[in-house]
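J.: Sequence:
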Amino acid sequence: MLCCVVLFRAVLWCCCCYCCCRCRCCCCHYWCWCCCAVLLWLLLLLLLLAVVVLVAVVIVIVVVVIVVVAAARTTRTFLFSSESVNEGHPDKLCDQVSDAVLDACLREDPKSKVACETVTKDNMVMVAGEITTKAKIDYEKVVRGVVAHIGFDSYVDDLSSVDSKGLSDKTCEVLVRINKQSPDIAGGVHVGKDDTDVGAGDQGIMFGYASDETADCMPLTHSMATRLGKTLTDVRKSGELWWLRPDGKTQVTIEYLQHVDGSVEPTKIHTVVISTQHAEPLKAVRSKECAGYRGEEMTAPSMDEMNKLIEEKVIRRTLSEITLKNGKPALTLYGDFTHLHINPSGKFIIGGPQGDAGLTGRKIIIDTYGGWGAHGGGAFSGKDPTKVDRSAAYICRQMAKSVVKSGLTARCLVQLSYAIGVAKPLSLFVETYGTEKGTLSVDDITNILKIEFDCRPGAIAVSLALREPKYQETAAYCHFGREPVTKNGCKFFEWENAKDLSKYSSMDSAQVTAALEVSRLLVVVVVVVVVVVVVVEVGVVVVVDVIVAVAVAVVVAGGGGGGGLVVVVVVLVGGGGCGGCSWCH
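Just so we're aligned: the sequence shown equals residues -23 to -1, 1 to 562 in mature numbering (1 follows the signal peptide of the UniProt record, and there is no 0).
By construction, these hints were calculated from the structure, which means they are not laboratory data.
Keep in mind that the hints are not guaranteed to be accurate.
[As the list claims (entries may be wrong)] Listed next, the in silico DMTMM-like pairs over lysine to aspartate or glutamate satisfying Cα-Cα at most 20 Å (straight line): (1) Lys214 - Glu289; (2) Lys414 - Asp189; (3) Lys290 - Glu217; (4) Lys302 - Glu413; (5) Lys113 - Glu445; (6) Lys382 - Glu460; (7) Lys245 - Asp189; (8) Lys401 - Glu450; (9) Lys302 - Asp193; (10) Lys265 - Glu413; (11) Lys260 - Glu242; (12) Lys245 - Glu288; (13) Lys302 - Asp485; (14) Lys414 - Glu460; (15) Lys88 - Glu217; (16) Lys464 - Glu445; (17) Lys88 - Asp140; (18) Lys111 - Glu445; (19) Lys207 - Asp431; (20) Lys147 - Asp134; (21) Lys113 - Asp140; (22) Lys414 - Asp485.
Build out the structure end to end from the sequences listed, making use of the hints.
T.: Structure (structure tokens):
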């Protein structure tokens, strides 16, 4: 400001001196001062214009930076990969055996407590664990049935043999090491408790995930990898590609576009990897490879021809059956730009347990979301519904899928945590990755899930029909993203039936909170009704005792100032009209 004043005075002095030198009359002096005023105004206008231009330039720069940053975030691309394994993979074989044992127990005793592990190597399968059940199980029959169903029907104890598939349902050794469930665990979890109020079988954290990139709300990378493996099995068992064998792995890499709102969109299939066990090229014959085949004799094709048939009959067929959220098949993302690797290591004749040892619970990422979302670390197979590693993961998936299917978010991750012997979950966490589509916040969505879902293990078992013998089918080709179906009276993949939560999309936070309070009040009312019914059953005298005890408790609570933690100690004195029921003891 001081500089402007000095500059003004200097300009004014120069103008006056110039004018005085040119003209001596008073009139001229008068006009000199006018000229100076005009000049002053011109200078002020120029200064104002400079400020306006400077501000405009700054605004433009800021806008450009914001647009560039937003565009950079919107157009960010990344590669993500997921893998899967066929049902003949040694680890997956073990998962299926463990779940087949569980099914055998539940078929005769729905309240069976099962924790079954399986290990396999060469021509041996061993089942071990803790099982308490009324069912009479022929474990050897169960094991051989699974091995035969997968297609392992030949074993030669020679790694140079081209005839061995890696395991034989007829000659394999079956070992059994089964004991009963620990009484310590039983006492803390389910003994003496109502079916819907049993405690969690162990502590732990469980996750569920859903994304709107496919019709079944599964990540496309994992959905593709899983279905490729399933198609490999289907064309093998149908005889279309009879020279395929049970073992195999798949892997898919997809290029994604991440939008500014956190949602992701697959743009192209970057890489597909398939490693599948097969018969000896150009030598194996169908009558020897496929037990019971009586048709026209055939010889296995060359490796190059095998690869071409796998691309045509497996890859392209599978991609045409997967629907993207835009309604188009995933095949539209596949093309000349896709890197294809089929049996990149060369031949893959030796497989199954002969090639690698197998163990239950080593494919937990394949069983869930292929690396998307999160995983608590617990396996599913061989566990009855009281094991929250399984049941809570199923309800988490249903919650996440319900949120996405109802249009509340584009992506959703749900976490639950439990303590052993405690029925109610310790915590509920929801992550939406910033993809909320309406006015509801993440906290509101969390409250909605609290209203709509009962996450006690017993309640989960009822709502998802988890005490039915249906688990062997879930053990291969992912537990999620499957089509819910009822077969032989059993509800398969019930957790894939998303609840309609769209009614909450028109609510605000206050309304959701009010709905949560109402749901809690209803729970209290139900509990009170149950207590009243039980009291009536016990006797009227006990009612009086309870009223007195509650009155004492209220007095004690009131004396403590109220509003704090109220500890109620109810003492019912036997003999005062009490029948001496087991509650008092």
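J.: Please go over all the hints and tell whether each is borne out by the structure.
T.: Results for each hint:
{"no.": "1", "hint": "Lys214 - Glu289", "in the structure": "17 Å, holds"}
{"no.": "2", "hint": "Lys414 - Asp189", "in the structure": "12 Å, holds"}
{"no.": "3", "hint": "Lys290 - Glu217", "in the structure": "9 Å, holds"}
{"no.": "4", "hint": "Lys302 - Glu413", "in the structure": "17 Å, holds"}
{"no.": "5", "hint": "Lys113 - Glu445", "in the structure": "17 Å, holds"}
{"no.": "6", "hint": "Lys382 - Glu460", "in the structure": "15 Å, holds"}
{"no.": "7", "hint": "Lys245 - Asp189", "in the structure": "16 Å, holds"}
{"no.": "8", "hint": "Lys401 - Glu450", "in the structure": "29 Å, violated"}
{"no.": "9", "hint": "Lys302 - Asp193", "in the structure": "9 Å, holds"}
{"no.": "10", "hint": "Lys265 - Glu413", "in the structure": "58 Å, violated"}
{"no.": "11", "hint": "Lys260 - Glu242", "in the structure": "45 Å, violated"}
{"no.": "12", "hint": "Lys245 - Glu288", "in the structure": "17 Å, holds"}
{"no.": "13", "hint": "Lys302 - Asp485", "in the structure": "28 Å, violated"}
{"no.": "14", "hint": "Lys414 - Glu460", "in the structure": "26 Å, violated"}
{"no.": "15", "hint": "Lys88 - Glu217", "in the structure": "42 Å, violated"}
{"no.": "16", "hint": "Lys464 - Glu445", "in the structure": "11 Å, holds"}
{"no.": "17", "hint": "Lys88 - Asp140", "in the structure": "43 Å, violated"}
{"no.": "18", "hint": "Lys111 - Glu445", "in the structure": "15 Å, holds"}
{"no.": "19", "hint": "Lys207 - Asp431", "in the structure": "33 Å, violated"}
{"no.": "20", "hint": "Lys147 - Asp134", "in the structure": "14 Å, holds"}
{"no.": "21", "hint": "Lys113 - Asp140", "in the structure": "37 Å, violated"}
{"no.": "22", "hint": "Lys414 - Asp485", "in the structure": "13 Å, holds"}
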